[in-house]
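Engineer: Listed here are the chains, written in short residue letters.
2 protein chains.
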Amino acid sequence: MIVDKLFEHVKERGHVCIGLDTDYSYLPEAYAKQFKSKAEAIYNFNKDIIDATYDLAACYKVQIAYYEAMGIDGLRAYSDTLKYIKEKGQISIADIKRGDISKTAEMYAAGHFSGDFEADFVTLSPYMGINDSIEPFLKYIKENEKGIFVLVRTSNQGAKDFQYIKDENGLNLYENVADMVEKLAEENLGSCGFSSIGSVVGATNNEESGSLRKRLKTSFLLIPGYGAQGGKAEDIKAYLINGNGAVVNSSRGILLAYKKENNGEDNFAMYARNEVIRMRDDIRANI
Amino acid sequence: MIVDKLFEHVKERGHVCIGLDTDYSYLPEAYAKQFKSKAEAIYNFNKDIIDATYDLAACYKVQIAYYEAMGIDGLRAYSDTLKYIKEKGQISIADIKRGDISKTAEMYAAGHFSGDFEADFVTLSPYMGINDSIEPFLKYIKENEKGIFVLVRTSNQGAKDFQYIKDENGLNLYENVADMVEKLAEENLGSCGFSSIGSVVGATNNEESGSLRKRLKTSFLLIPGYGAQGGKAEDIKAYLINGNGAVVNSSRGILLAYKKENNGEDNFAMYARNEVIRMRDDIRANI
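Order-wise, the sequence lines are chains A and B. Going by the working numbering, the first residue of the first sequence is number 9, and it counts up by one from there. Going by the working numbering, the first residue of the second sequence is number 9, and it counts up by one from there.
Each hint should be verified, as a subset may be incorrect.
Heads up, simulated DSS-like pairs for lysine-lysine below, C-alpha to C-alpha not over 25 Å straight-line [claimed, not checked]: (1) B:Lys168 - A:Lys147; (2) A:Lys174 - A:Lys111; (3) A:Lys111 - B:Lys46; (4) B:Lys13 - B:Lys96; (5) B:Lys268 - A:Lys111; (6) B:Lys191 - A:Lys174; (7) B:Lys174 - B:Lys13; (8) B:Lys168 - A:Lys168; (9) B:Lys268 - B:Lys13; (10) A:Lys191 - B:Lys168; (11) A:Lys174 - B:Lys174; (12) B:Lys168 - A:Lys174.
Partial list, computed: chain B residues near chain A (C-beta under 7 Å) [to be verified]: (13) Gly107; (14) Asp108; (15) Gly123.
Since the hints were made in silico from the structure, they are not lab data. Even glycine gets a Cβ: it sits at the ideal position worked out from N, Cα and C.
For reference, chain A alone in the conformation it holds in the complex (with noise of 0.2 Å):
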């Protein structure tokens, strides 16, 4: 099972996931300038970034997004990223956070686990129930090494319109949903007993994490929002188990660390390279 890698990555190099949330103004720009395109720009920039980094990830998360909002050779450059990620023997999410059912579900699982954009995680949403979702993904993670991150609890401000709905039995949603997530992770467990069925969770306080943790037995928990959106070393404690069981994503904090050099530009990867170790000890040394 695909999770066993993750577990293994998190044990040997730490919980950072470095997320390729790449915006072609974060490049330095005279890098920028020796490339013929944006998107030629951003998938070398990437790349700069993993080889720089891939012995210190657990982990790479890239957020379709930045790249879908260029068209197609946007998704040229995240496909390039992504068989990248992969000859380097790293690990990639695909946050795309699709949610649909039946056969575009089907359609969406043969798009993210195969072919120009094939990834080994990718992140889901659930608002159109959870077995629907879901299901099509199952195959893929049985057969085919591959796994998911449902989105369970977000940390931003808009979390609390839904995701907080108290049920009649006064289950906040979220919980509703960690509740089935965790019924489907603990049918797909890896050897080293996590399931390649994970959660997507932002950090924030301690006993609501704790809690949360207690429903999720088994789901690895991806952790974005550290650094750059607020979220800090001492919120994922509360998530670990035995010290493993969740990548923690960073992205500006990591891609932008060379802003904060003098003449940081020349060495972006090193900078970046740098920012993952300090932030890997600052999340090892609070747990």
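Given chain A's structure and the hints, the job is docking chain B onto it.
Structural biologist: Here is chain B on its own, set in the frame of chain A:
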């Protein structure tokens, strides 16, 4: 506002939204073989369907998952299909069900309201929060003649997982979503009285639909599920206001109409046209 154009189309031509959820297996075999690639065959099939129906349809809904499943080539066919819909003076709904926040949502808005994948409307998923998910799309609605349909209540079995969770006041989740969508809708009204902020609502029983329409006073409705998915014309009535304010999608029922005919393969576009007429009249006779 784009909703005014949609309103006029419904008034003049009826309620049929043609779903171009075009799977390669739907194409007549001899037809498909003429083309160099699956994607090219699908684009040409779509083009022939559009040529045969553009004077009858209210709009076209293109389900991006079917194109993503074919990778880069598929998305080129998707892009070309959207361009052709525009060329024929028609309205496109990109069924993308994206749902994300802040800068990622901005990227989706840019990606689907400009460039290669420009459409007139997109569908959005609200799970991460109404304002966070929708806000980046508003400026296109106000300034660029664009519109959105937010997933409110779907009619699949799994919809019950979350959409029907009751809050402490006895309101279903989908009713909470509806109230929030309607609030934004009323701030983006066209001169027809409906809003460019629409809702996706499944066709179920009339009692529930009538009560949902009371909440969604101005939101234009996109109703999937007619025909192949079990929705009937008489289920539409409760959603209409003075006979307008909603489009009804059919995909397979139209694209595969030729399969019900002897030697239908040679005239698939004509049979699609006939089915659009039948469906239009079926709805008109039942409202």
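Engineer: Against this structure, judge whether each hint is valid.
Structural biologist: Status of each hint after checking the structure:
Between the alpha carbons of B:Lys168 and A:Lys147 the distance comes to roughly 24 Å, so the proposed pair stays at or under 25 Å and holds. The suggested pairing of A:Lys174 with A:Lys111 is violated, with an alpha-carbon distance near 32 Å, which exceeds 25 Å. Our distance criterion of 25 Å between C-alpha atoms is met by A:Lys111 and B:Lys46, whose separation comes to about 18 Å. The hinted pair formed by B:Lys13 and B:Lys96 meets the criterion: a straight-line CA distance of about 14 Å does not exceed 25 Å.
With a C-alpha separation of about 21 Å, the suggested pair B:Lys268 and A:Lys111 falls inside the 25 Å cut-off, and the hint holds. Simply put, B:Lys191 and A:Lys174 have alpha-carbon atoms about 22 Å apart, close enough for the 25 Å limit, and the pair holds. The straight-line distance between the Cα atoms of B:Lys174 and B:Lys13 is roughly 37 Å, outside the 25 Å bound, and the hint therefore fails. A hinted pair counts as satisfied when its Cα atoms are at most 25 Å apart, and B:Lys168 with A:Lys168 qualifies at roughly 20 Å.
A threshold of 25 Å between alpha carbons decides the hint, and for B:Lys268 with B:Lys13 the separation of about 33 Å lies outside it, so the pair is violated. Our distance criterion of 25 Å between C-alpha atoms is met by A:Lys191 and B:Lys168, whose separation comes to about 17 Å. The suggested pairing of A:Lys174 with B:Lys174 holds, with an alpha-carbon distance near 8 Å, which does not exceed 25 Å. For the proposed pair B:Lys168 and A:Lys174, the alpha carbon gap of about 16 Å is at most 25 Å, so the pair holds.
At its closest, the beta carbon of B:Gly107 sits 5 Å from a beta carbon of chain A; the interface hint therefore holds under the 7 Å criterion. Taking 7 Å as the C-beta contact cut-off toward chain A, the hint placing B:Asp108 at the interface holds, the least distance being around 6 Å. Interface restraint check: B:Gly123 against chain A, minimum CB-CB distance 4 Å, threshold 7 Å, status holds.
In this structure, the hints that do not hold are numbers 2, 7, 9, in rising order.
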